[in-house]
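Chains as they are written, first to last, in the numbering used here: chain A, 1 to 308; chain S, 1001 to 1266.
One should not assume that every hint holds.
[What the hints assert, rightly or not] Derived list of chain S stretches under chain A, where covered just means 3 residues or more per stretch with a C-beta under 8 Å from a C-beta of chain A: (1) 1025–1034; (2) 1056–1070; (3) 1128–1142; (4) 1221–1230.
[As the list claims (entries may be wrong)] Computed list of lysine to aspartate or glutamate pairs in EDC-like fashion (alpha-carbon distance at most 20 Å, straight line): (5) Lys112(A) to Glu209(A); (6) Lys62(A) to Asp276(A); (7) Lys1042(S) to Asp145(A); (8) Lys1040(S) to Asp145(A).
[To be verified] Computed beta-carbon distance windows for the label pairs: (9) Gly1227(S) to Asn118(A): 35 to 43 Å; (10) Leu297(A) to Gln1171(S): 26 to 34 Å; (11) Glu79(A) to Ser1051(S): 46 to 54 Å; (12) His69(A) to Leu1134(S): 23 to 31 Å; (13) Pro1177(S) to Thr57(A): 37 to 45 Å; (14) Gly146(A) to Lys1042(S): 18 to 26 Å; (15) Gly1135(S) to Arg224(A): 27 to 35 Å; (16) Pro1177(S) to Met294(A): 39 to 47 Å; (17) Phe1050(S) to Val149(A): 19 to 27 Å; (18) Glu79(A) to Gly1135(S): 26 to 34 Å; (19) Pro1177(S) to Tyr215(A): 51 to 59 Å.
Source of the hints: derived by calculation from the structure; they are not laboratory data. Glycine included, each C-beta is placed from N, C-alpha and C at the ideal position.
Spelled out, the chains give:
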Amino acid sequence: MTTVADAPPTALVEPPAKPRKKRGRFTPYWLLLPGLLWLVVFFALPMLYQASTSVQTGSLEKGYEVTWHFQTYLDALGEYWPQFLRSVLYAGIATVLCLLLGYPLAYLIAFKAGRWRNLVLILVIAPFFTSFLIRTLAWKTILADGGWVVGSLDALHILDVTSWIGLTEGDRVLATPLAVVCGLTYNFLPFMILPLYTSLERIDGRLHEAAGDLYARPFTTFRRVTFPLSLPGVVSGTLLTFIPASGDYVNAQLLGSTSEKMVGNVIQSQFLTVLDYPTAAALSFILMAAILIMVTLYIRRAGTEDLV
Amino acid sequence: MTAVTRWIRRNLVVLAGLLTLAFLILPNVIVLVFSFNKPKGKFNYAWQEFSTEAWSDPCGVADMCGSLSLSLQIALWSTLGATALGTAIAFALARYRFRARGAVNSLIFLPMAMPEVVMAASLLTLFLNMGVQLGFWTILIAHIMFCLSFVVTAVKARVMSMDPRLEQAAQDLYAGPVQTFVRVTLPIAAPGIAAGALLAFALSFDDFIITNFNAGSTVTFPMFVWGSAQRGTPVQINVIGTAMFAIAVICVLTGILVGNRRKKHA
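All chains, full assembly: derive it from the sequences and hints.
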């Protein structure tokens, strides 16, 4: 039994999924039914409810009615555009930082780690098992005022640069945009590293040798061979980082101040504290639409089968 | 000097990668160190003095261990649910050709491509409209929903990479469809199913955003941590965080060791 289970998947010669036709014409539908029903009822249907809520007017006491009040969208955008902008900006910076930080580590695991590969992979994944909230709170300690991180950043005059750009204020890092971006980068970094690693690992090592034989310098090999071949990982990594980061409100809440609030914070407080459901639904719908447009553009280019 | 710079240049990627690894691990180290802290005041953010008080009394904080066991229960049930539903979908997608394949693929992909806050808010809208009482069941429903797609992805990848000739061989050797499935297909798909289940467990156990919207007054462990970030962070939180980390690493390492030994025997 073990020998069968351990048969390497690389032993494939024929293309795998050969559809069986004769027996069980309805089998796939029976297999799909329960799971898809779950997704339709608890994922798709709620989206419709949310769309309908966003065009309702009324109050908590009197109840809400659909009045096609699209003004809610304009009001929401008019009032909360800074939070939207901040979400896109912070998530964008965090995604770029994740790519810059994550690529060397993914490269290290794929090509340089040798027999340490599994250990490094475990170290990338294991932090997940400490609740991310606890780990985000740890950044409060790391970035504390007068701590060694802030102290050395200050001594190296990095804080002067960041406060000139507007990322920090004075000699503080906590409760500034930098802290929020740092938290976002940290929290979503594994989501960048893992797809990058998967696509780097697939690259045939002989291509590097071939490039070397053709007198390409290491950097040229990277630019012309390795990087283009890792593009699928780059694209799915950036999506997996940017999407959750743009809707996040935990980092802004724990590491930022009131002037770092992102759109997630607004949706959360409108929904759970202010109880202004139409505005919350409209904001959430705008965020969803923005993300959907991005993803659709991506699917056009890459096809869904690659992603799922 | 030139030798040193040359060495640095040659190993630049390795050095950069190790720095990133340090960045990833640093918070866990802080969580570990501060689990031995004896803070002044309510918040455990600044180092005071060494103490093992929290480790000798991990459940000494009101409601914390209750929320932890609730989180474990929810994670267990949602792993079971999502793995069962997701494995079935994965087999259908990998093995059969049917109508509306594209639509099914999109429906599975979309939950992974949606910010959590959007799913959380819309699910809450549904529950509010239906007048559903928020609590254990609404959390479970939500967790199965967002874990499902990840299980499908993990299992499907494994089933797709399976050699169909193995099943044909089983059938040539007079194995019936059930026997083929139980003795051949399932053992080969098992690592994918295990990976999917593990992912579902981790995602469910650590979920905060969706739970926060749909929990009502029920408190899971992440919600307890969130609340304590406002009220004051007990050291015991760090104890739990460190213990979970250690248990996970030990489990994975034993898994790898057992796997290696089996390979050697086979």
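These are the hints, each one checked on the structure:
no. : hint                                : in the structure
1   : 1025–1034                           : holds (count 7)
2   : 1056–1070                           : violated (count 0)
3   : 1128–1142                           : holds (count 4)
4   : 1221–1230                           : holds (count 5)
5   : Lys112(A) to Glu209(A)              : holds, 15 Å
6   : Lys62(A) to Asp276(A)               : holds, 13 Å
7   : Lys1042(S) to Asp145(A)             : holds, 18 Å
8   : Lys1040(S) to Asp145(A)             : holds, 17 Å
9   : Gly1227(S) to Asn118(A): 35 to 43 Å : holds, 37 Å
10  : Leu297(A) to Gln1171(S): 26 to 34 Å : violated, 44 Å
11  : Glu79(A) to Ser1051(S): 46 to 54 Å  : holds, 48 Å
12  : His69(A) to Leu1134(S): 23 to 31 Å  : holds, 27 Å
13  : Pro1177(S) to Thr57(A): 37 to 45 Å  : violated, 58 Å
14  : Gly146(A) to Lys1042(S): 18 to 26 Å : holds, 20 Å
15  : Gly1135(S) to Arg224(A): 27 to 35 Å : violated, 57 Å
16  : Pro1177(S) to Met294(A): 39 to 47 Å : holds, 43 Å
17  : Phe1050(S) to Val149(A): 19 to 27 Å : holds, 22 Å
18  : Glu79(A) to Gly1135(S): 26 to 34 Å  : holds, 33 Å
19  : Pro1177(S) to Tyr215(A): 51 to 59 Å : holds, 57 Å
Hint check: violations occur at hints 2, 10, 13 and 15; the rest are consistent with the structure.
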